[in-house]
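A.B. asks: Heads up, this note's numbering is the position in the sequence shown plus 13, with the first residue counted as 1.
Heads up, some of the hints might be wrong.
Below, computed lysine-lysine pairings styled on BS3-like, alpha-carbon distance capped at 30 Å [unchecked claim]: (1) K43 <-> K73; (2) K31 <-> K43; (3) K46 <-> K31; (4) K31 <-> K19; (5) K19 <-> K66; (6) K20 <-> K46; (7) K43 <-> K24; (8) K73 <-> K20; (9) K38 <-> K66; (10) K38 <-> K24; (11) K19 <-> K46; (12) K66 <-> K46; (13) K46 <-> K73; (14) K43 <-> K19; (15) K73 <-> K24; (16) K20 <-> K31; (17) K24 <-> K46; (18) K38 <-> K19; (19) K43 <-> K20; (20) K20 <-> K66; (21) K31 <-> K73; (22) K38 <-> K73; (23) K43 <-> K66; (24) K73 <-> K19; (25) K24 <-> K66; (26) K66 <-> K31; (27) K38 <-> K20.
Derived Cβ-Cβ restraints for the label pairs, each shown as a range [unchecked claim]: (28) K24 <-> E77: 34 to 40 Å; (29) W35 <-> H58: 42 to 48 Å; (30) C71 <-> D21: 15 to 21 Å; (31) L25 <-> H52: 23 to 29 Å; (32) E22 <-> F75: 23 to 29 Å; (33) I36 <-> H58: 35 to 41 Å; (34) E22 <-> H52: 34 to 40 Å; (35) E81 <-> D29: 39 to 45 Å; (36) H58 <-> D29: 40 to 46 Å; (37) S49 <-> E81: 18 to 24 Å; (38) V54 <-> E28: 17 to 23 Å; (39) K38 <-> N79: 26 to 32 Å; (40) D29 <-> P80: 25 to 31 Å.
Keep in mind the hints are simulated off the structure, nothing from the lab. For each residue, glycine too, the CB sits at the ideal point set by N, CA and C.
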Amino acid sequence: MLTNQKKDELKLLLEDCKNSGWIPKHDCNKNLKIISQTHSVNTRHNIVVAQTKQCRICGKEFEESNPEGIYESL
Numbered sequence: 014m015l016t017n018q019k020k021d022e023l024k025l026l027l028e029d030c031k032n033s034g035w036i037p038k039h040d041c042n043k044n045l046k047i048i049s050q051t052h053s054v055n056t057r058h059n060i061v062v063a064q065t066k067q068c069r070i071c072g073k074e075f076e077e078s079n080p081e082g083i084y085e086s087l
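Put together the whole structure using the sequences plus the hints.
C.D. replies: Okay, here's the thing in structure tokens:
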């Protein structure tokens with residue numbers, strides 16, 4: 014488990030890598046964070062129908078949508 018100090022050091026290292034133009038080899042799917050979601054609300058359910066995720070390492074964005082709802086696997 015990373016401490017807050019180590020997390021900050023890692024963030025600084027990744028930021029330095031981005032600024033220098035060098036991005037380490039990585040799998041974007043393992044480093045995604047959700048940056049926006051669109052919800053469909055009816056009387057009984059609040060369903061996520063679209064979302065945008067961004068890679069924490071390279072910043073590439075991925076969009077996903079489904080009018081019936083997006084299901085996250087755990």
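A.B. asks: Each hint should be assessed against the structure and marked as holding or not.
C.D. replies: We went through each hint and held it up to the structure:
With a CA separation close to 13 Å, the supplied pair K43 and K73 stays within the 30 Å bound. About 18 Å separates the Cα atoms of K31 and K43, which keeps this hinted pair within 30 Å; it holds. For the hint linking K46 to K31, the alpha-carbon distance of about 17 Å falls within 30 Å, and the restraint holds. Taking the CA atoms of K31 and K19, the gap is near 18 Å; set against the 30 Å cutoff, the hint holds.
For a cut-off of 30 Å, the pair hint linking K19 to K66 stands: about 24 Å separates their Cα positions. Proximity of K20 to K46 is assessed by CA-CA distance (about 15 Å); at most 30 Å being required, the pair is judged to hold. A threshold of 30 Å between alpha carbons decides the hint, and for K43 with K24 the separation of about 16 Å falls inside it, so the pair holds. Of the pairs offered as hints, the one joining K73 and K20 holds, with about 21 Å between alpha carbons and a cut-off of 30 Å not exceeded.
Restraint check: the Cα-Cα separation between K38 and K66 comes to about 19 Å, which is no more than 30 Å; the hinted pair holds. Distance hint between K38 and K24 is fulfilled; the C-alpha atoms sit about 16 Å from each other, no more than 30 Å. Note on K19 and K46: the hinted pairing holds, with a Cα-Cα distance of about 19 Å set against a maximum of 30 Å. A hinted pair counts as satisfied when its Cα atoms are at most 30 Å apart, and K66 with K46 qualifies at roughly 5 Å.
This hinted pair checks out: K46 and K73 have alpha carbons roughly 11 Å apart, not beyond 30 Å. Of the pairs offered as hints, the one joining K43 and K19 holds, with about 19 Å between alpha carbons and a cut-off of 30 Å not exceeded. About 16 Å separates the Cα atoms of K73 and K24, which keeps this hinted pair within 30 Å; it holds. At roughly 16 Å between alpha-carbon atoms, K20 and K31 fall within 30 Å of each other, so this suggested pair holds.
Distance hint between K24 and K46 is fulfilled; the C-alpha atoms sit about 14 Å from each other, no more than 30 Å. At most 30 Å may separate the alpha-carbon atoms for a hinted pair to count; K38 and K19 meet this at roughly 20 Å. Proximity of K43 to K20 is assessed by CA-CA distance (about 17 Å); at most 30 Å being required, the pair is judged to hold. Restraint check for K20 and K66: satisfied, since their Cα atoms lie roughly 20 Å apart, inside the 30 Å limit.
A distance of roughly 12 Å separates the Cα atoms of K31 and K73; the hinted pair therefore holds under the 30 Å criterion. For the suggested pair K38 and K73, the alpha carbons sit about 13 Å apart, so the restraint of at most 30 Å is met. Using a Cα cut-off of 30 Å, the hinted pair K43 and K66 holds, with the two alpha carbons roughly 11 Å apart. Only pairs whose Cα atoms come within 30 Å are accepted, and K73 paired with K19 is accepted, the gap being roughly 24 Å.
The straight-line distance between the Cα atoms of K24 and K66 is roughly 18 Å, inside the 30 Å bound, and the hint therefore holds. With a CA separation close to 18 Å, the supplied pair K66 and K31 stays within the 30 Å bound. Distance restraint check for K38 and K20: the Cα-Cα separation of roughly 19 Å lies within the 30 Å cut-off, and the hinted pair is therefore satisfied. Checked against the hint of 34 to 40 Å, the C-beta distance between K24 and E77 comes to roughly 25 Å, which is inconsistent with it.
Checking the proposed 42 to 48 Å range against W35 and H58 shows it holds: the Cβ atoms sit about 45 Å from each other. Look at C71 against D21: about 20 Å separates their beta carbons, and that is inside 15 to 21 Å. At roughly 34 Å, the beta carbons of L25 and H52 sit outside the given window of 23 to 29 Å. Against the hinted window of 23 to 29 Å, the Cβ-Cβ separation of E22 and F75 comes to about 27 Å, which satisfies the hint.
Between I36 and H58 the beta carbons are some 39 Å apart, a value that agrees with the proposed interval 35 to 41 Å. Separated by about 36 Å at the C-beta atoms, E22 and H52 satisfy the suggested range of 34 to 40 Å. Look at E81 against D29: about 42 Å separates their beta carbons, and that is inside 39 to 45 Å. For H58 and D29, the hinted distance range of 40 to 46 Å is satisfied, since their beta carbons lie about 44 Å from each other.
In this structure the hint that S49 and E81 lie 18 to 24 Å apart at CB holds, the actual value being about 19 Å. Checked against the hint of 17 to 23 Å, the C-beta distance between V54 and E28 comes to roughly 37 Å, which is inconsistent with it. Between K38 and N79 the beta carbon distance is about 30 Å. The supplied range of 26 to 32 Å therefore holds. About 42 Å separates the C-beta atoms of D29 and P80, a value inconsistent with the hinted range of 25 to 31 Å.
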